[in-house]
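Asks: Chains A and B are the protein sequences, given in the same order.
Counting in the working numbering, the first sequence runs from 199 upward without gaps.
Counting in the working numbering, the second sequence runs from 162 upward without gaps.
Think of the hints as simulated: they come from the structure by calculation, not from any bench.
Heads up, a few of these hints could be off.
What the hints assert, rightly or not - Some chain A residues close to chain B (C-beta under 8 Å, calculated; not the full set):
1) 257
2) 274
3) 278
4) 280
5) 451
6) 456
Said to hold, decoys possible - Reference listing, derived: stretches of chain A covered by chain B, where coverage requires no fewer than 3 residues with Cβ under 8 Å from a Cβ of chain B:
7) 258 to 265
8) 346 to 352
9) 437 to 443
We put the CB at the ideal spot given by N, CA and C, even for glycine.
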Amino acid sequence: MTAFMTPPTMPPMPEPALLTNPSAQRRNPLLLVGGVIVALIVATALVSFFWTPFPTILTDTDHLASPPGAGGHLLGTDLYGRDIASWLMVGAQTTLYVGIVAVGIAAVIGTPLGILAGMVRPAWSEFLMRITDIWLAFPALLMALIFATVFGASITSAMTAIGIASVPSFVRVVRSGTIVVMNADYVLAARVAGRRSPAIALKHVLPNIAGLVIVQCSVSYAIAILAEAALSYLGLAGGPTTPSWGLMLFQGQAVIAGDPLLVIWPGVAIGLAVLGFNLFGDGLRDRYDPRLSGR
Amino acid sequence: MIRKRARLLVSAAAVALVVSACTAGAGLQPSSSTGDQSTQSATGGSTTPSGGSGSTGTETSGTSGSSSSSGSQPAPSDGTLTLGLVLEPVSLDFTTQSGAAIPQVLLDNVYETLVNQAQDGTIVPGLAEKWTVSPDGLTYDFTLRSGVTFSDGEPFTADDAVFSINYVKTKWTVNVADAMKVVASATAVSPTELKVVLSHPDNLWLFKMTTRIGAMMSPKHVDKLATEAIGTGPYVFSNWIHGDSITLTRNPHYWGSTALEKTIVFKYFSDPTAMNNALLTDQIQVITTVQTPPALKQFDDKSKYTIIDGTTNGKVMMTMNDARPPLNDVRVRQAINYALDKPAILKAAWAGYGTVIGSHEVPTDPWYVDLANRYPHDVAKAKQLLAEAGQTHLTLTLALPPVPYAAAAAPIIVSQLADAGITVKTTNVTFDNWLAKIFAKPYDYDLTIINHVEQYDVTTVFDGTPDYYTQYTNPKVAELEKQGLEGDHATFIADFQQVMRILADDAAAAWLWAFPNLMVADANVRGLPQNAIGESLNVFGLYTS
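Kindly produce the complete structure, drawing on both the sequences and the hints.
Replies: Written out as structure tokens, the structure is:
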């Protein structure tokens with residue numbers, strides 16, 4: 199983010215139409231690969247709303263931890279005889295939901311706070327940032343534990359905790375972007391013209407830092423997916439019948455020596471999703487980062 | 162319980178000869194069990210021992226599969242054995258702290274009781290050599306062993322026994338101490354004679370004296386129970402690294418034969434996979450409780466590992482809130498029982514280890530009646546009962562405490578109940594919340610899964626009054642239990658069998674399986690108790706070959 203801090207002024211942000219600019223995409227394989235992976239996950243999740251090979255609830259006790267193909271189970275079954283392929287599909291829903299909740303909370307709280315911190319007087323800004331530092335020092339897992347105890351262990355409560363814990367990173371990124379924008383000539387001009395701060399924040403700052411926020415969302419999305427996997431693993435997310443890749447990992451780890459496939463399938467899915475969102479985020483950053491865009 | 166085997170060798174050569182006559186130098190062969198079992202059946206079913214050495218002789222049989230026969234008793238060694246456990250105690254004081262973790266380490270190993278339970282559940286001498294019960298069932302006269310000392314060197318006398326019994330009545334704050342309320346008086350007739358008078362007959366009192374409440378303590382040390390443990394047992398408490406392990410070392414002044422292994426370390430693991438890995442990498446020698454039976458495959462190599470599959474007193478059950486609609490309708494509870502395919506649940510959740518049960522009992526209970534097939538898997542019948550009860554679109558919540566068997570059983574239960582048209586939502590609850598909201602008032606739950614580990618706890622869990630989280634109310638059950646506890650032996654057994662049938666007929670819960678005593682040990686570890694009978698993990702007979 200230091201790229202935004204160093205130049206005294208900053209060229210106006212390119213139009214948001216970039217994503218649809220074919221020439222830009224061709225120059226940006228990261229964005230393409232990440233986008234394809236993300237699109238695949240979204241498509242899988244959508245399909246799973248209407249169709250899965252087997253109901254995820256069904257336990258086929260005649261086929262426990264069976265290899266791919268046995269009993270009509272494409273990828274085999276887990277320890278309780280549930281169809282792995284169906285679980286992976288519905289698990290994609292959970293993965294997307296997780297990201298939307300966690301990133302949504304972080305962005306909705308973090309972006310205004312960051313803009314505020316970038317626009318107020320330096321003393322207030324410092325004060326806000328120190329509060330953010332304290333916030334950042336509070337472990338996300340501990341917060342998830344507290345939420346699970348108070349509100350009951352569920353994916354929503356776990357992800358609310360992760361979302362709240364991700365707020366500081368949004369505040370920091372948005373604040374640095376805001377400071378850059380606030381030093382731009384057009385903002386000075388707007389000020390001279392008598393525009394009030396809220397109007398400047400909406401008309402000038404927000405559109406110009408939108409790219410930054412989108413990149414941060416994408417990166418946070420990957421973190422949220424990992425956090426959900428970790429929390430499911432600790433039994434702090436949904437119950438044992440809520441399909442989730444993290445839960446599959448947890449349930450399979452006990453037999454990792456005998457039936458490694460039970461861990462490999464969800465492991466690959468989580469790895470792909472995190473890779474996809476990270477690549478997507480990196481690609482977007484490359485597009486929006488003025489220093490890198492000419493590469 | 163294994164300790165008796167060693168004790169016997171020292172104290173009763175005649176019986177040892179009988180046992181070794183069967184084995185005749187057969188080394189590790191468990192063939193002595195044939196001889197032992199005949200002795201067992203002679204004493205079995207009775208709560209009065211036939212005599213000191215005679216009944217101790219029966220105890221080799223239960224462990225014979227994993228321990229050497231008496232013919233080749235190894236010499237005591239200066240080695241260390243490390244055992245892997247799950248639940249670490251909070252303090253060493255089980256007079257004020259509930260839970261199984263403390264007695265698991267200290268009972269029988271450090272603190273001893275007047276009477277013990279053999280592997281077959283019969284009561285055998287401990288610190289009391291023998292005892293008599295008056296015909297009215299009110300007066301117990303114990304003859305205590307002489308020459309027994311506490312590990313601080315003080316002699317153990319009848320005065321200490323009187324003190325210990327009265328201390329339970331007056332100072333213990335945990336629920337289990339209630340079992341001592343029935344004692345009207347305890348008097349020391351002489352240093353080795355103890356007389357206990359009950360206020361009313363209680364067929365379970367002597368059994369309860371084998372548990373932690375029967376622990377004999379020294380009056381001099383009760384003010385430091387949380388950090389010290391001074392008992393008469395074969396081991397002394399030596400060290401506790403909080404969050405890691407508790408170490409016991411051999412008591413050199415033990416009144417019986419010397420413990421075989423000098424040092425025993427109880428090492429605690431919060432993660433079952435970590436415990437499995439510790440055994441695979443030789444950091445521990447025994448997994449004392451297998452948390453993930455499907456993972457046992459990695460210990461299949463019999464030249465390296467022994468898998469012990471015995472019994473416990475644990476009853477894994479899906480508790481139903483019997484007072485909350487629609488579960489207060491017996492037809493709904495019966496429908497749930499019909500909808501469950503219990504053998505399939507056991508197979509998928511616990512790799513088939515354990516025994517399917519149909520009431521609040523385990524096969525080793527003296528009143529055991531096999532009700533496992535009281536509700537055969539019958540989805541049509543379940544649907545019909547639900548229709549009769551007007552509950553064709555039933556949705557229930559299944560609250561899961563953080564225990565592996567609950568998480569393992571839940572997916573199969575949810576799937577099977579769905580077949581019968583019952584929608585079940587699962588939620589994870591922390592153990593604190595489980596204890597505070599489900600196990601205690603307001604009993605806020607529909608269904609939950611828990612393993613009731615205590616022996617003969619039907620009088621607590623289903624006492625017929627709505628004062629327990631099962632919320633099961635039936636005056637007939639309360640009456641039968643009272644009458645059984647106070648009646649003669651035949652009445653006792655008959656009444657409790659009747660209670661078991663009523664509970665099953667009323668589908669007071671959905672009992673799933675009798676929890677197995679599943680352990681994995683290095684192949685050279687001998688003397689592990691096959692069955693977990695009492696509250697302790699008895700390490701007296703443990704050694705490595």
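Asks: Taking the hints in turn, state whether each one holds.
Replies: Do the hints match the structure? See the list:
1. Given hint, residue 257 of chain A at the interface with chain B, holds; its Cβ is 4 Å from that chain's nearest Cβ, closer than 8 Å.
2. A hinted interface residue such as residue 274 of chain A counts as satisfied when its beta carbon comes closer than 8 Å to some beta carbon of chain B; here the least separation is about 14 Å, so the hint is violated.
3. Annotation: interface hint on residue 278 of chain A holds; nearest CB of chain B at approximately 4 Å, less than 8 Å.
4. Annotation: residue 280 of chain A was flagged as interfacial toward chain B, and the flag holds, the nearest CB pair being 7 Å apart, inside 8 Å.
5. Given hint, residue 451 of chain A at the interface with chain B, holds; its Cβ is 6 Å from that chain's nearest Cβ, closer than 8 Å.
6. Taking 8 Å as the C-beta cut-off, the interface hint given for residue 456 of chain A holds, the closest approach to chain B being about 4 Å.
7. Counting residues of the stretch 258 to 265 of chain A whose C-beta lies closer than 8 Å to any C-beta of chain B gives 3; at least three are required, and the coverage claim holds.
8. Counting residues of the stretch 346 to 352 of chain A whose CB lies closer than 8 Å to any CB of chain B gives 5, which reaches the minimum of 3, so the coverage claim holds.
9. For the stretch 437 to 443 of chain A, the assignment as covered by chain B holds, since 4 residues bring a beta-carbon within under 8 Å of that chain's beta-carbons and 3 suffice.
Checked against the numbered hints given earlier, the structure breaks only hint 2 and satisfies all the rest.
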